[in-house]
Amino acid sequence: MSILSRLNVLPIRHKILFSIIGTSLIVVVISTTVYLAIGWVNLKNKAISELETTANIFAQNISAALSFGDAAAANELLLSLGAMKQIDLACVYDEANKGTLFASYRNQSTNRNCPDNVAKVPTEQSGTLIYGEPVYVVSDRVGMVYLYRSTADLKDAMGLSVLVGVGMVAISFLIAFVLTGFFRGLIEQPIKSLVATTRRVSNEGDFAVRAEKFADDEIGTLFDSFNSMLSQIQTRDLELGRAHNELKQQVVEVEAANDTLNKTLIKLRETQEQLVNQEKMASLGGLVAGVAHEINTPIGVGVTAASTLHAATEDMSSAYESGRLTDTGLRKYVQTAIQSASILLNNLNRAANLIHSFKQVAVDQTSSELRQFDLHNYLEEILLSLLPKLKKTEISVSLDVPENLLMHSFPGAMSQIVTNLLMNSLVHGYPETKHGNIQIDVEDLGEEILLRYRDDGVGMCKESLARVFDPFFTTRRGEGGSGLGMHIVYNLVSQQLRGRIRMESEPGHGVQVFIQVPKQVSMEEVA
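For the sequence shown, the residue numbers in this note's numbering are 11 to 537.
The set of hints was computed from the structure by calculation and includes no laboratory data.
Being a predicted model, the structure only gives us computed values, none of them experimental.
Please note: incorrect hints may appear among the correct ones.
Stated by the list, open to error - Distance windows between CB atoms, simulated: (1) Q505 <-> L248: 49 to 55 Å; (2) G339 <-> T403: 43 to 49 Å; (3) I276 <-> E249: 36 to 42 Å.
As the list claims (entries may be wrong) - Cut-off 20 Å, straight-line C-alpha distance, at most; resulting in silico cross-link-like pairs (DMTMM-like, lysine to aspartate or glutamate): (4) K472 <-> E514; (5) K277 <-> D480; (6) K95 <-> D166; (7) K529 <-> E442; (8) K95 <-> D80; (9) K529 <-> E457; (10) K258 <-> D247; (11) K529 <-> D480; (12) K108 <-> D150; (13) K54 <-> D166; (14) K401 <-> E458; (15) K529 <-> E324; (16) K277 <-> E265.
The C-beta atom is built at its ideal place from N, Cα and C for all residues, glycine as well.
Put together the whole structure using the sequences plus the hints.
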């Protein structure tokens with residue numbers, strides 16, 4: 011764990027203690043260090059200055075002895091350095107004699123000796139200050155004087171200063187510790203009180219409690235904000251409690267209403283299913299009545315032709331038995347028989363086609379069989395089954411569907427869709443006039459087909475168009491309309507055929523219905 015992480019988990023009293031004492035110690039240590047460094051530099055500079063002055067004096071005094079080569083006089087002069095205990099060694103070199111040692115002085119406390127040549131004099135030496143001063147006679151340089159001074163006295167003086175500095179640091183630490191304890195109480199006590207209040211609020215949920223304010227400082231402002239927050243929470247808690255009680259009551263009421271609504275919805279669904287079945291059966295009943303009426307015509311013609319043939323046959327039989335049968339009579343009978351048989355055959359075939367189409371469409375409308383069928387042929391069968399309805403009007407229906415367009419889907423759903431669209435146009439699109447044009451086009455889109463249904467009837471307003479697929483919506487409520495026809499169409503397209511339907515219309519411009527469904531539908535998709 012890093013130092014910063016360790017400090018973060020410490021109590022605030024320790025953080026205050028460490029911050030104040032640490033800051034004080036750092037300031038005192040830095041100040042003392044700077045003071046000792048400056049003191050050492052001053053002592054050293056003072057010693058060097060004294061050494062320079064002494065060397066300068068001896069260089070002037072020893073110049074005469076050096077110029078006359080009087081080494082004894084030079085040595086005697088150097089003995090006066092004994093009064094300066096800091097001087098360890100003094101060396102005089104004769105430059106006229108190749109810089110050899112001319113005279114020297116050695117303090118009894120040192121064991122060092124002067125180098126025998128000026129070239130061997132060191133520039134620096136540990137624990138010693140070395141200073142050299144040239145010796146001149148008038149303007150001629152005749153030698154050098156080197157003085158060696160020990161720094162032991164300087165170190166002793168600095169040792170005392172260090173002790174004084176350490177003492178100052180210790181005293182500063184004690185003062186900081188005492189002051190920290192005093193100021194820590196001023197900060198720690200309010201915070202402890204605030205922590206105790208927050209724990210009480212957290213554990214007991216008592217928002218009525220308030221923190222005791224100690225002073226009008228930043229912490230006091232914190233206490234005021236905290237107490238204000240508790241007051242707001244208490245008010246909101248009371249309001250929330252009241253709202254909760256009201257919500258519980260509303261939930262009870264909603265649940266009761268929901269139960270009633272579910273029961274009503276179940277009854278409504280049952281009623282809707284009954285109405286849908288009634289709508290289907292009514293449509294099928296109308297289809298049966300129309301087909302039955304349409305079949306009467308070819309059957310009636312067939313009965314007439316059969317009666318004519320029967321009468322002609324009886325006449326021919328009587329003539330044959332009585333011997334009155336002539337060649338002309340026989341030819342006339344054969345011609346009558348051929349015509350009657352042809353009329354009978356054509357009308358019976360017509361009746362058989364009507365019955366076949368009705369049977370296929372009726373079976374598909376009353377079942378949900380998934381099978382493959384030719385859309386072109388199937389739409390023609392649907393129109394043929396609706397022929398009795400269309401014959402009563404002057405409305406022409408044109409069909410444009412690609413040949414051999416195979417679909418694997420629900421033909422019953424397709425039959426109901428087309429039948430409902432046509433009946434909707436007959437009832438609503440042409441309410442006063444019975445002549446018009448209806449166009450049914452089918453486009454092969456690859457995996458889907460697009461069926462476009464158009465009529466040139468009265469059209470619809472925007473309000474009716476927006477609700478045309480809603481259940482029980484009809485503009486002929488008092489005239490037998492159930493409002494389920496287009497709703498059934500919408501459900502058949504979107505649910506059973508897995509497609510999409512869209513209607514466009516304007517008043518006076520008829521309607522257009524666009525139905526896009528897949529050609530292949532599987533049971534898994536509609537399950």
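Flag every earlier hint the structure violates by its number, smallest first.
Violated hints: 7, 8, 11, 14 and 15; rest satisfied.
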